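Here the protein sequences come in this chain order: A and B.
Numbering-wise, the first sequence is residues 1410 to 1951 according to my numbering.
Numbering-wise, the second sequence is residues 3 to 236 according to my numbering.
Hints are not guaranteed to be accurate.
Stated by the list, open to error - Dumping the calculated SDA-like pairs for lysine to any residue here, alpha-carbon to alpha-carbon at most 20 angstroms:
| id | chain 1 | residue 1 | chain 2 | residue 2 |
| --- | --- | --- | --- | --- |
| 1 | B | 113 | A | 1701 |
| 2 | A | 1945 | B | 69 |
| 3 | B | 140 | A | 1951 |
| 4 | A | 1766 | A | 1733 |
| 5 | A | 1944 | B | 68 |
| 6 | B | 140 | B | 88 |
| 7 | A | 1699 | B | 68 |
| 8 | A | 1699 | B | 125 |
| 9 | A | 1944 | B | 54 |
| 10 | A | 1945 | B | 13 |
| 11 | B | 12 | A | 1951 |
| 12 | B | 140 | B | 172 |
| 13 | B | 12 | A | 1949 |
| 14 | A | 1685 | B | 92 |
| 15 | A | 1697 | B | 89 |
| 16 | A | 1463 | A | 1483 |
Quick caveat, the hints were computed from the structure, so don't treat them as lab data.
Remember, predicted model here, so these are calculated numbers, not experimental data.
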Amino acid sequence: MGKLFSLLKASMTDGMQIFRISKNSAKGKKSNQTGLLIAIAALIGFSIWVYADKLLDSLTDVGAGFVVLTLFVIITSVLTLVEGIYKSGDLLFNCRDDDLMLSLPIKKSTVLFIRVFKLYVFELLYNSLFLIPAMIAYAIRTDVSWTFYLSSLAAILLLPIVPIVIGCIIGGVIVGVSSRFRLKNLVQIIVTMAFLLGIFIVFSNINSVIAGIAANATSINDVITRLYYPAGAYIGMVTNFSIINFLIFIAVHIAIFGVMLLVLSKIYYKINSRAKTIKIHTHKTAYKIKRRSVIHAIIAKEFNKFINTPVFVINAGFGLVLFVVACVLVNVNLDSITSFLQNYDVELDFNLAEIVKQFAPAILFCLIVMASVMSSITSSMISLEGRAFNILKSIPVKPTTIIISKVLAAVLVMLPFILIGDLIMFAKFDFNLLEIILILLASIVLPLLAELIGIALNLKYPKMNAENDAEVVKQSISTLIATFLGMGITALTIFIVAQTLSSGAPLDLVLGGGVVVSILICTGLIIYVDKIGTKKFLQINV
Amino acid sequence: MIEIKNVTKKYGNKTALKNINFDVNNGEIFAFIGHNGAGKTTLIKAITGIHDFDEGEIFINGKSIKTDPIACKKEMAYVPDNPELYENMRAIDYINFICDMYEVPQNVREKNISRYAKTFEMENNLNDTINSFSHGMKQKTALIAALAHDPKVLIMDEPFVGLDPKAVFDMKEIMRAMIKSGKTIFFSTHILDVAEKLCTKVAIIKKGELVKVGSMKAIKGDKSLEKIFLELEK
C-alpha cells in the first residue's frame, strides 16, 4: 500500500502540472496563473449556474427540477466518454515513463491503476465544473435534505467512473487494433474519428431511442435508469433516498472499476508493447534529398508532427469535420432541420429554411468563426516540441520565422475543410460576388486569427515536460484557455452579427466589418508575436 | 573561434556559472570537463544561444551570440548530450531539415550526407523513422546532421556517449581532420582518456567556476588528466 501511495504521489505531482504550471515560475507569476485558472473556473461555474437556474424556472413548477440534474449528468458523462476514448490511447499506451514504470517491482495492474486514476482525477475536476453549479442551483430552488448533499457528493466522486471505464476499453481496443498496422497512427485516427462520429450520430437520434424505452417504462426516473444506470440511480437518491440504493450505487461503481482493472491489466502489457513496437519495412539505401526554403521545411516538419499525433489530429480535426458535416446537412436537406427541431419540442414561429436562405453568408461566417476558434492547433504546437525544442533554439533562424511558420502550417491544415464547407454553401445558396469574396477572405483571416491567438497562448503558457501528447493537447493551460476563449469568441460573434442584422444593417456591411475587424486583430497579434512572442520563445528553457 | 568573457548565469539564487573566461582558437580541440551538475551543459547552451546568460559576452568568430545570434548560429553546429530529435521523421528527412535551416546548397548536402552516412554506417537506416533507432543511432543521426552543413565551429555535449567503438574512432578522426582545416571544436566529456589523447586545450569546471584552463600539456604535466581531475575534485 505504501508503494502505491508513493507511486500515486510521484505520478500526480508530475502529471498535475496544469495546477502548478511551472516549477521555475516566479512567485508573482505563479499566483497570476493560479488566479487565471480560478477565474476561468469561476466564470464557467457561474455560466453553468445561470443556465441551470434558468432551466429550473419552469421545471420546478411541475415538480421535475431533477431533470436539470439528469441533463448535466448525461452531458458530463458523454463528454467524459469522448475524452476517455481519445485520451486513453496516449494516457495509457504512449507514456514516456514506461521504461521506468514497467521495470519497477510492481504489478502491471498497479501501473494501469495509476494511469487510469490520473485520467479519473482530471475528469473529476472537469465534471465538477459542470455538476457542482447545477447541484447548487437545484439545492437553492428545491427544499433538499442532508441526503441530497450525501448523494451528490457520492455522485460527483463516482459518476466519472463508468464513462472512463468504457472510454478506456474502447481506447484500448482502438490502440490494440491499430497497432497491427504499419500506419498505426493513421488507423488510430480513422477508427477513433469513426467512434466519435458514431457517438454523435447516436445522440442525434437519441429521441427515437428514448421513445422506445419510455414506451416500456413506468416513470421518468425509470426511463433514465434504463437509459443510463448511474444517472437514474443518482436521481433516484435525490428524489427518494434509500440507504440500500446508496450503498448499491457505491458498490456498483467500485465493482465496475475493479473489474475493468482486472480484465484490462491481463492484456495491458501486450497492447502496450505492441503499440510501442515500430515496424521497419524499408532497407532501401536510396534516399531523396531536396532543398527547400526555411518556411517550407518548418511547415513540412509541423505536418509530420501533426499527422503522427493522433490525439492532436482528433482534437483539431473533429470540429473541422463537423463544420463540413453541418454544411452538407444544410445543403442536402435544410427543411428537415425544422422537423428535427420539432422532434425536440422546439416550436418555431418563423420559417427556418427562409431565414437560413436570407442570412446564409452571415450564418456561414459564424460557422467559420466557430470552426476556426474551436480547432486551435497552435495552442499546443510549442509544448508538443518537448525536449526537441532546443533544436529550434539552436538553428540559425529568427524565432519570428519559426513561430509564423507554425501558424501557417496550422492554417494550411484548416483551410481545405473550411473551403470545402464554403463551396458546399456557395452551391446551395445565392451568394453575390462581394459575399463570396468576403467569405473567402474570412476563410483565410479567421483561421489565421485563431492560430495566432493559439500560438500567443502557448508561448505564454508552455508545457514542455509532459508525459504524453494527450497531457499537452487536452490538459495544458494554453489549450484550456484557447478552448474557453474560443467559446467566448463564438458566442460574441453570433451576438454581434445577430444584433447588427436585426438593427437593419446591410448583410455585406456586417460581413465586411467582421473581416476588417479580424484583419486588424490579426495585425495586432502579428506585431505581438514579433515583439513579445519571440522574447517568450527565447525564455522557454528545456 | 569562441571567446567567452566573464560569463555568469544564475538560476534564482543558485549561481550555475560564475565569471567564466576562456578562448577556443581556430584549429583547437577543446575539452570541457567537470563532475555532474558542475555547469558544463549550461555553458554549452549559453554558447549555442539556447539559454540566455546574466552577465558577460560570448563571441563566435567575432560575432556576439547576444546581439547577433543568427550569424553566430550559422557558423556553428551543436550536438546535444541526449539526442532528442523529431521522432516521427525519417533520419534522412531530419538531416535534410537541418540542412534546410542552414541553407546548405544541394550539391554540398548530397556530398556530406553521403560521406558521413557511410562513415557512421547509417546508409541503410536513413529511410527509417528515428523512433525506431537506438540511442547510438540517434546520436549518429545528430552528428551527420551537424556535420552536413560543414560548420566552422562544432560544439558537442558528451558526443561519445552511446556510440559504438568504431563510431568513436571515426568521430575522433573526423575531429582531427576538421582542426587540420582550421575549424574549432569544443566538447564536454567524462571520458578523460579520450580528452587527454585528442585535445589540445582543456578547461575544468567545478560548481560553476573554472578551476583550470590551458593547454593539455600545461595542465596535466607528467600526470594523467584523470589524476589531475580527481585531485581538483577533492
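Hints and how they fare:
no.	hint	result
1	113(B) to 1701(A)	holds (17 angstroms)
2	1945(A) to 69(B)	holds (17 angstroms)
3	140(B) to 1951(A)	holds (19 angstroms)
4	1766(A) to 1733(A)	holds (18 angstroms)
5	1944(A) to 68(B)	holds (13 angstroms)
6	140(B) to 88(B)	holds (10 angstroms)
7	1699(A) to 68(B)	violated (32 angstroms)
8	1699(A) to 125(B)	holds (17 angstroms)
9	1944(A) to 54(B)	holds (11 angstroms)
10	1945(A) to 13(B)	holds (17 angstroms)
11	12(B) to 1951(A)	holds (16 angstroms)
12	140(B) to 172(B)	holds (16 angstroms)
13	12(B) to 1949(A)	holds (15 angstroms)
14	1685(A) to 92(B)	holds (17 angstroms)
15	1697(A) to 89(B)	holds (19 angstroms)
16	1463(A) to 1483(A)	holds (18 angstroms)
Going down the numbered hints, you'll see the structure goes against just number 7.
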